[in-house]
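Student: Residues per chain, in single letters:
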Amino acid sequence: MLDVAPLSFQDLILTLHDYWGKQGCAILQPYDMEMGAGTFHTATTLRALGPDPWNAAFVQPSRRPTDGRYGENPNRLGAYYQYQVILKPSPPDLQQLYLGSLKAIGIDPLLHDIRFVEDDWESPTLGAWGLGWEVWCDGMEVTQFTYFQQMGGFDCKPVSGELTYGLERLAMYIQNKDSIFDLVYNNATADRPAVTYGDIFRENERQMSTYHFEVADTDMLFDAFKKATAECESCLQHALPIPAYEQAIKASHIFNILQARGVISVQERASYMGRVRDLAKGSCQAWMAKNGWAA
Amino acid sequence: MDGKERMGSVTDFLLELRSEEIPARMQVKAKEDLARLFNDALAKAGLAAASVEAFATPRRLALIATGLPLATEAVSEETKGPKVGAPPQAMEGFLRKSGLTQDQLIERDGVYFAVVEKAGRQTADVLAEAIPAIIRAFPWPKSQRWGAASASTESLRWVRPLQGIIALLGDDVVPCEIDGIFSGAATMGHRFHHSGPITIGNAGDYVEKLREAYVLLHFSERCRIIRDGAEAAAKAAGLTLVADEGLVTENAGLTEWPVPMLGRFDPAFLEVPQEVIQLTARVNQKYFVCHDKAGKLANAFVCTANIEAHDNGAAIVAGNEKVLAARLSDAKFFWEQDLKVALDDQAQKLAQITFHEKLGSVADKVERVAKLARWLVEEGIVKDATADAAERAARLCKADLVTGMVGEFPELQGIMGGYYARAQGESDAVADAVRDHYKPVGQGDDVPTAPVTVAVSLADKLDTLAQFFAAGMPPTGSKDPFALRRAAIGLLSLLLQNDLRCSLKDMLGATGAGTSFDTLEEFLVDRLKVQQREAGVRHDLIDAVFSLGGEDDLVRLLARVKALQAYISTAEGANLLAAYKRAANILKAADAVDAAAPAPVDFVAEESLLLAALDTAEPQAAAAVDAEDFAGAMAALASLRAPIDAFFEGVMVNDPEPAKRAFRLGLLARFRNAVTQVADFSKIEG
Chain R
89 MLDVAPLSFQ DLILTLHDYW GKQGCAILQP YDMEMGAGTF HTATTLRALG PDPWNAAFVQ
149 PSRRPTDGRY GENPNRLGAY YQYQVILKPS PPDLQQLYLG SLKAIGIDPL LHDIRFVEDD
209 WESPTLGAWG LGWEVWCDGM EVTQFTYFQQ MGGFDCKPVS GELTYGLERL AMYIQNKDSI
269 FDLVYNNATA DRPAVTYGDI FRENERQMST YHFEVADTDM LFDAFKKATA ECESCLQHAL
329 PIPAYEQAIK ASHIFNILQA RGVISVQERA SYMGRVRDLA KGSCQAWMAK NGWAA
Chain H
54 MDGKERMGSV TDFLLELRSE EIPARMQVKA KEDLARLFND ALAKAGLAAA SVEAFATPRR
114 LALIATGLPL ATEAVSEETK GPKVGAPPQA MEGFLRKSGL TQDQLIERDG VYFAVVEKAG
174 RQTADVLAEA IPAIIRAFPW PKSQRWGAAS ASTESLRWVR PLQGIIALLG DDVVPCEIDG
234 IFSGAATMGH RFHHSGPITI GNAGDYVEKL REAYVLLHFS ERCRIIRDGA EAAAKAAGLT
294 LVADEGLVTE NAGLTEWPVP MLGRFDPAFL EVPQEVIQLT ARVNQKYFVC HDKAGKLANA
354 FVCTANIEAH DNGAAIVAGN EKVLAARLSD AKFFWEQDLK VALDDQAQKL AQITFHEKLG
414 SVADKVERVA KLARWLVEEG IVKDATADAA ERAARLCKAD LVTGMVGEFP ELQGIMGGYY
474 ARAQGESDAV ADAVRDHYKP VGQGDDVPTA PVTVAVSLAD KLDTLAQFFA AGMPPTGSKD
534 PFALRRAAIG LLSLLLQNDL RCSLKDMLGA TGAGTSFDTL EEFLVDRLKV QQREAGVRHD
594 LIDAVFSLGG EDDLVRLLAR VKALQAYIST AEGANLLAAY KRAANILKAA DAVDAAAPAP
654 VDFVAEESLL LAALDTAEPQ AAAAVDAEDF AGAMAALASL RAPIDAFFEG VMVNDPEPAK
714 RAFRLGLLAR FRNAVTQVAD FSKIEG
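Here the protein sequences come in this chain order: R and H. So the first sequence is numbered by this note's numbering: it starts at 89 and just counts up by one. So the second sequence is numbered by this note's numbering: it starts at 54 and just counts up by one.
Next up, chain R with everything else stripped away, as it sits in the complex:
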C-alpha cells in the first residue's frame, strides 16, 4: 500500500508535530487532567475566546469511560489519544493545510477516498458549537474539522479552525492493522524490539473498564461532583477563571464515569450536562472579564 515503511504510532505524532510546528503552531504538552477530548484543553477552550491570534498543536489523552471494552474490542478504547490543532483566525487555506498533513503521514489522496462529510460539532458541556465536517478516509472518520462559532456561550471573534485527529484510527489505517492493540508503537532496533499499543495499554483498558463499569463508588462520585461544582463557583467568586475551569473539567469527567456506571437516566443526563455547562460558561465569562474582552 505504501512505498515506505508505515509510521509507528510515535512517529505519527512526531510527524504531525513537525508538520504543524512548521506551520507556526506552538507545540504544547497535554493538559494534566482527565478530560473527554482535546477541546477541553485550555489551549482550545479559553484560547478560542478573544481577539488574539493563537496557533497551537498538541496531543491530548482523552478518556471516554463508556467506550471502554475491557481491552477486548479491537476498535474501542476507554482512553485514547487525540491530536489537536487550533488556528485562530482560521486561515483561508485550512483545508489544504490539513490535506498536506495527511500527505505528510503517508496518505495518497488519489489512492484513498478523502471526503469532507457534514458534521456540525456541538459540545453541550462546553456551551460550544461550530460547523464543519468529519473527514473520511475510505469511509473511516479520521478527523473532526470544525470552525468554532461559539465557546462557553460567547461568539468566537474571530473564528478558530480546529482539527482533531483520531490518532489510533489513523495509525490503524496507515499501518493496515485490524486491531488497535496490534499497532506498532515505536521503532525497533537490532537489540530493542518494537512494542505494540496493546503491550502498553491493554492492561489499562481492562482495569479501567472494570473500574468504570463495575467498581467506581457512585456515592463518592456524586459527592465529588457536588464538591467540584462548589469549588468551581468559589473560584469564580475569586475571579480565578483557570482554576474554576479545571473544576468544570473535573466535574465533567466525574459525570462521564457516572454515565458509564449507568446510574444517570436520559432525563437526568440533560440536567447534569446543564450543570457542567454552567460551570464552563461561568469560567469562560470570567476569562473574558479578566482579559477585558466584551461579549
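None of these hints come from the bench; they were simulated from the model. Please read these numbers as outputs of a predicted model, since none were measured by experiment. Yeah, the Cβ is synthetic: ideal placement off N, Cα and C, and Gly gets one too. Watch out, some of these pointers could steer you wrong.
[What the hints assert, rightly or not] Far from chain H by the CB rule (all over 10 Å, computed), these chain R residues:
{"id": "1", "residue": "G112"}
{"id": "2", "residue": "R152"}
{"id": "3", "residue": "G188"}
{"id": "4", "residue": "R203"}
{"id": "5", "residue": "I352"}
{"id": "6", "residue": "K369"}
{"id": "7", "residue": "M376"}
[Unchecked claim] Stretches of chain R that chain H covers, calculated by requiring three or more beta carbons in the stretch to come under 8 Å of a beta carbon on chain H:
{"id": "8", "segment": "224–236"}
{"id": "9", "segment": "278–291"}
[What the hints assert, rightly or not] Interface residues of chain H toward chain R, partial, derived using beta-carbon atoms under 8 Å:
{"id": "10", "residue": "E74"}
{"id": "11", "residue": "S205"}
{"id": "12", "residue": "C356"}
{"id": "13", "residue": "A368"}
{"id": "14", "residue": "D383"}
{"id": "15", "residue": "F386"}
Given chain R's structure and the hints, the job is docking chain H onto it.
Tutor: Just chain H now, with coordinates in the frame of chain R:
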C-alpha cells in the same frame, strides 16, 4: 418584448459560488433557492431570462441563465398627484416626494401627474448589485463565519467558507465584491483529480470544462451514475441492490465524480438482526445494502467513492470493508452479549435508571404501565387481547434500554427488545408489542392495531402524559423537552384508529397520577385539533362539541364533530347557524328570559309552528345523541330550520306587549337549548 428581440441583444450569464464542502442534505434546496432568488432579482429590475438552470455539487453552487437582455428597457413611471386646486400642503408634499417642481408636472383631467423617465440599466450593473445581495440573503439552514473577517460578528455568513465567485455575462466578468471576495472567471476542478485554477470563457463552456476537470455539475447525472452503477455492481455479484433514493441523493451530494463500488463483509455478521446491519451501513457509512437471490440480506454493500483511484479502487474497497467490519463486530459483540441476559433480568436494572427525578425510575414507570395495560384489557377498552399478555409485554417493553445494542444504537429501541423477547421464547403477540410499543412516533408513522401492542403503547403514552402533567410539567411554548406533544398525537391516533371507546377521564384516572386532569384534557383536545386539521376537520367545531362538557370519549366526540361539520357545510346548516346566532344575540340583549313563559291567547301561526317543531325536535335530538346517531341529531335540528326562519320573518320578538315578548323570547331560548343539545353553536366561527 418585441423591442428586445428586434435589438437581438441577449446573452447568457454564469454564476458560480465556490465554497468548502456544502452538506449533502442542503444541496437540492440550495439549488432551488439560488434559482428563485436570481429570478426574483431579475424580475425586480424588469428583466427575465429565457431559461435559468441551477447546479449544486459539494464544492459549488452555480447557475446558468440564457437569453438575458443586455439592458433593461427605459420606462416612464407616472405617479398620480393632487387635484388642481388642492390645498398647498398637499402639493408641497407631493413635490417633495417626487423631487420635481410644479411646472414639471403634467395636468390631465384636473389632476396633476409626476412623470419620471427611467433610463434602461445595463444588465451587468443590475447583476453586480444583485449577486452580493443574493449571497447575503441566502437562506442556508445553518451558516457560519470564518477567517480574519470574523473578528466582527457582522462578517459574511455562508454555509461553509466561501472561496470564489464566477460572474460572467457573455464573455465579460461582472465585477462585484463581497467581504473581500472579488468576482472573476476562474474556478477549481475536482479536489484531487485536477490541480490549479480553470478559467471559464462563458456560460457555454462551463459544464464541459468542469467535466474535463472531473466535476459533474448536474445533480441528476451524478444520481444516475450512482443508481445505475450501484445496481450494476450488485448485479455483477449476482445480487440485487436494495434501492434507496435517499442514499442516492445523499451520495450525489458527497461527490463531484461518483464511483460506486461493491465491497463484502464476513457472512458471520448476518446473524446480527438485519435492521442493525442496515442501520449501520446506511446511516453511519452511507452504503447501499444488497439482497441475495432468496431475497435475504447479503454480505455485500455498495459504497460510492469520489475518485477514480490508480489501483481501480482496491485500496478504497479494502478500507471501507475494514470500517464496516469494525462497526459490525461491535454490533455482533452487543448482540451476543445481550442474548446471554434474560429480558426479565435486564428489566431489573431499570430500577437504577431515573425516568425523571420527580417521577421515579424507569422500573417504576414499567410497573405503572403494566397495571394500566392490564386495566385497559380487563375493562374491555382494548378487545381481543389477554390481560396477562398485555402485562407481560409491558413488563418487558423497556428492558432493551439497558442492552448494549440499544446503548450503541438508541434508534433501535423497541426493535431490539422485540428480537430479544422472541429469542427467549415469548409469544409473537408479546414480542411484537415490545417491538412496536413506541409507535406511532409522530404523525404519519404506522399506528399499531395488534391488540396487545395497542394496550401497551396506549398505557405507555397515557402514563407519560398523566405523570408529567400531574407533576406540573406540561409543554410550554416551543419547549417540549419530554416530547409530550408527540405522545399526545400517538395517544389520539391509537384511540381513533382502533376505535377505542372510553371516557378520557376514566383512562387518565386509571393512571393513578392524580385526580384532576382538566389541563391535560384541554391539551389533548388542542392536539386533536392539530391532528385533525390535515383531515379537514374544523377546530371550532371540535370546540363546539367539547365545550358542552361531558363529552370526553374522543372517538364519539370526533364522530359528533364530523356529523356537525357535514351539516354546517350545507346551505340548510348555514341558515340554522345564522338563525341560532340571531336568536342568541336577541337573548343576550334581553333582561330576563323564561323558556317556559306561557303562550299569550292570540298567538300567531309562526309561533305555533315553531312551538310544535320544538316539541318534536327536542326529544328527537336528545334521543339521537343518546343513541350516538349524530346524523339523526342533525336531522332533528334540521326540522327546526324552516319554522325558525318563518318565525323571524313573521313576528317581531321584542313586541311592546310584555306577555307576547316573554313568550317569544321563551321560544327562542328553547330553540337555543335544543340546538345546544348537539353542539355549542356559539363556538362556531363564520
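Student: All hints, please: hold or fail.
Tutor: Outcome of the hint check:
no.: 1; hint: G112; result: holds (15 Å)
no.: 2; hint: R152; result: holds (13 Å)
no.: 3; hint: G188; result: holds (13 Å)
no.: 4; hint: R203; result: violated (6 Å)
no.: 5; hint: I352; result: violated (7 Å)
no.: 6; hint: K369; result: holds (18 Å)
no.: 7; hint: M376; result: holds (15 Å)
no.: 8; hint: 224–236; result: holds (count 5)
no.: 9; hint: 278–291; result: violated (count 0)
no.: 10; hint: E74; result: holds (4 Å)
no.: 11; hint: S205; result: holds (7 Å)
no.: 12; hint: C356; result: holds (6 Å)
no.: 13; hint: A368; result: holds (5 Å)
no.: 14; hint: D383; result: holds (6 Å)
no.: 15; hint: F386; result: holds (6 Å)
Checked against the numbered hints given earlier, the structure breaks hints 4, 5, 9 and satisfies all the rest.
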